[in-house]
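These protein sequence lines map, in sequence, to chains A and B. Counting in the working numbering, the first sequence runs from 1 upward without gaps. Counting in the working numbering, the second sequence runs from 1001 upward without gaps.
A few of these clues could be false.
[Claimed, not checked] Computed spacing ranges between beta-carbons, pair by pair: (1) Arg254/A <-> Leu1012/B: 35 to 41 Å; (2) Arg86/A <-> Gln1006/B: 55 to 61 Å; (3) Glu1216/B <-> Val41/A: 54 to 60 Å; (4) Ser25/A <-> Glu1284/B: 45 to 51 Å; (5) Ser25/A <-> Lys1336/B: 24 to 30 Å; (6) Gln1006/B <-> Gly20/A: 46 to 52 Å; (7) Leu240/A <-> Pro1092/B: 38 to 44 Å; (8) Gly172/A <-> Glu1208/B: 56 to 62 Å.
FYI, nobody ran anything at the bench for these hints, they're computed from the structure. In this text, a Cβ means the ideal position worked out from N, Cα and C, and glycines have one as well.
There are 2 protein chains.
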Amino acid sequence: MGLREQVREKALGAKRAARGLALLSSTVKNKALSAMADGLVEASERLAAENAKDVEAAKKAGLSSALIDRLTLNPKRIEAMAHGIRDIVALPDPVGEVVEMRRRPNDMEVGRVRVPIGLIGIIYESRPNVTADTAALCLKSGNAVLLRGGSEAIHSNTAIASVLNEAATAAGVPDGAISILDTPDRQAVYEMLALEGILDLVIPRGGEGLMRMIAEHAKVPVLKHDKGVCHTYVDREADLEMAESICVNAKVQRPGTCNAMETLLVHQDAAGAFLPRVLSRLAEKKVEIRGCAKTRAIFPDAKSASETDWSNEYLDLVLNVKVVGSFDEAADHIDKYGSQHSDAIVTTSYETARRFLREVDSSAVFVNASTRLHDGYEFGLGAEIGISTTRIHARGTMGLKELTTTKYIVLGSGQVRE
Amino acid sequence: MGLREQVREKALGAKRAARGLALLSSTVKNKALSAMADGLVEASERLAAENAKDVEAAKKAGLSSALIDRLTLNPKRIEAMAHGIRDIVALPDPVGEVVEMRRRPNDMEVGRVRVPIGLIGIIYESRPNVTADTAALCLKSGNAVLLRGGSEAIHSNTAIASVLNEAATAAGVPDGAISILDTPDRQAVYEMLALEGILDLVIPRGGEGLMRMIAEHAKVPVLKHDKGVCHTYVDREADLEMAESICVNAKVQRPGTCNAMETLLVHQDAAGAFLPRVLSRLAEKKVEIRGCAKTRAIFPDAKSASETDWSNEYLDLVLNVKVVGSFDEAADHIDKYGSQHSDAIVTTSYETARRFLREVDSSAVFVNASTRLHDGYEFGLGAEIGISTTRIHARGTMGLKELTTTKYIVLGSGQVRE
């Protein structure tokens, strides 16, 4: 059987499982999730052995120690995966929720009820815990899942998915509801993207290369989890102590994430008082500053920012800084160089806050808070499958509800179209 | 300038307009809509002259009289277009609606607010009134639109879009918010589908050929408006008088629509009593019957249905009829041959109705009502841009809300990520 047929067979198996899974009660799904969590812990040795193959290959391939660390599974990390799944048991089941219902003039009731999307493909890189997280979120929301992890974690991911599918099946979930492509061949991703009519949605999580490849080849609906070039704008009227705390948090608390700040914009009237204090503090924390001419006049240690820097997602301890003459200049800069991901203003002005909330067109806009807070848990969704940068279906952080669609239900008593 | 550059230029102009349009108040948008309606009526002569070119070309090309009729604009139809736009003025503006808002434990408020999707591409065929309808719906929901109508209506569509854009611009809408591709070259559609990062969404409305082409080439998000192979299942326990009225309505009230019935399924216990009366009545109304063997045993005038008939969207006075042995057989048939568009059951059983609503996975499921009622006006959305057969973003009939997305808004007082 060729690769195309292999991928198709696996996907069709998962698709068949999707129909039964969509109709399972919350009780059965929650039992399956508990069994999946237990299954991971019980399979610790098997998982460790499979993971060792990936780690060894990574060392041979000369991957960085940071990447090898991300890849490594140990009993504590396996317990953390199980804990993550148990947290999902406690969340409300989105399936079956009636979103709206109204009586029409002809006396029929028309409503919408949440149903699973169907079969979801997840394409991701590196960390094996994503396998467990996404499988559990898809199962809770009634979706079958076809996973495709990075080739560097293939043994770990395949073992995790297999443990999860076995545990779920034993608890009454149709076999194949958690499926994984276990070939390292990159061509399998192309075959997956061509499964029109079988995959109802693909969610890719990864770097720019993956996103470009998917944009180029996908024949199935896609919700991108693309890069974040996030800004904080410190207004003329701002509490500078608060601004400092927010900026430091947004840049250094975890710089390798998509919601970390990449560019600081400061109103010229605040720049003289604000930049020396915030930039010295960031420099102490090893942040490299790349500034505009005005920034460098105020803070001479800054390097000069190039035109391409302004749209760069560093994911590292590097920060662009620009002094702007007005709110409009800040908003225009965000519009031109940003990625419409997460952007913040620090201001004490009601009017300026209101303008920022309306005029800045990002998936999350913040007044007086750190962009790092853009997260499913912080926002109260209970869980997060990722942060969508696509404008349709779900924008920004996605929880369980965003893994569902709706169908109309109509209750009549003989109504016809006049 | 080559075709690719022409399409790109036009799209970029519309994209620039989108940013300003997104921020307009309802008052300005409603004034623009009124001006657009007035503009169409005032331009009746100009529109009639442009339309005459299309009609003449259609006659030369030998198009059917039905198609020529659909294409033709007369004062009454122009008035109807204007009336349709005025109806949209009265609908609530979806933009700015706060969908949810909650206070988090760290005392920040997190909400979601409706915002326009951005720049929407509409690809459609034949009837020029679609140009006015969709332009008005997009404008009301704050979206710029790039239209691409069928080449047979190109003069009419271009004239309508130009009148609408002029009227809107005079009322304060950014120029280009209503844009149209005015070249008959089919290659322009391919160029449109490649506008990744510029077109935020494409909505295609048309036949199977168009859908296949779009599935093959689109690099932008798409909400398909695909075919409807709709079923009515008459249960063992059913009010046969009601069933007859619903079936006749679903088949003959307007057979050329996507929500008309294509297949009738009847439980074997009801078939003997029901089929003779309903099929004679349908035959009287010139409906051709294609039945299974059991159907033909009961109603000998029926032709024999072939395997491909069961998945055919006739859009005509033809009906497949099958006798089934159980609810499960009916549900399996719908799952196998249907298009998950609109499906109905006629039953007096609470339990069977509940099962149908849950287990049949169509964008609209009906109990004791005609599938022809699947419509934005009938469902209370106030307007309809079409019926989406894609599972994400919007499923089934789409109104103004479905032309929006959301963004998260966060109101803080200095919160950072711990």
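Going through the hints against the structure:
no., hint, in the structure
1, Arg254/A <-> Leu1012/B: 35 to 41 Å, "36 Å, holds"
2, Arg86/A <-> Gln1006/B: 55 to 61 Å, "57 Å, holds"
3, Glu1216/B <-> Val41/A: 54 to 60 Å, "46 Å, violated"
4, Ser25/A <-> Glu1284/B: 45 to 51 Å, "47 Å, holds"
5, Ser25/A <-> Lys1336/B: 24 to 30 Å, "25 Å, holds"
6, Gln1006/B <-> Gly20/A: 46 to 52 Å, "51 Å, holds"
7, Leu240/A <-> Pro1092/B: 38 to 44 Å, "42 Å, holds"
8, Gly172/A <-> Glu1208/B: 56 to 62 Å, "39 Å, violated"
In summary, the structure is inconsistent with hints 3, 8 from the numbered list given earlier, while agreeing with the others.
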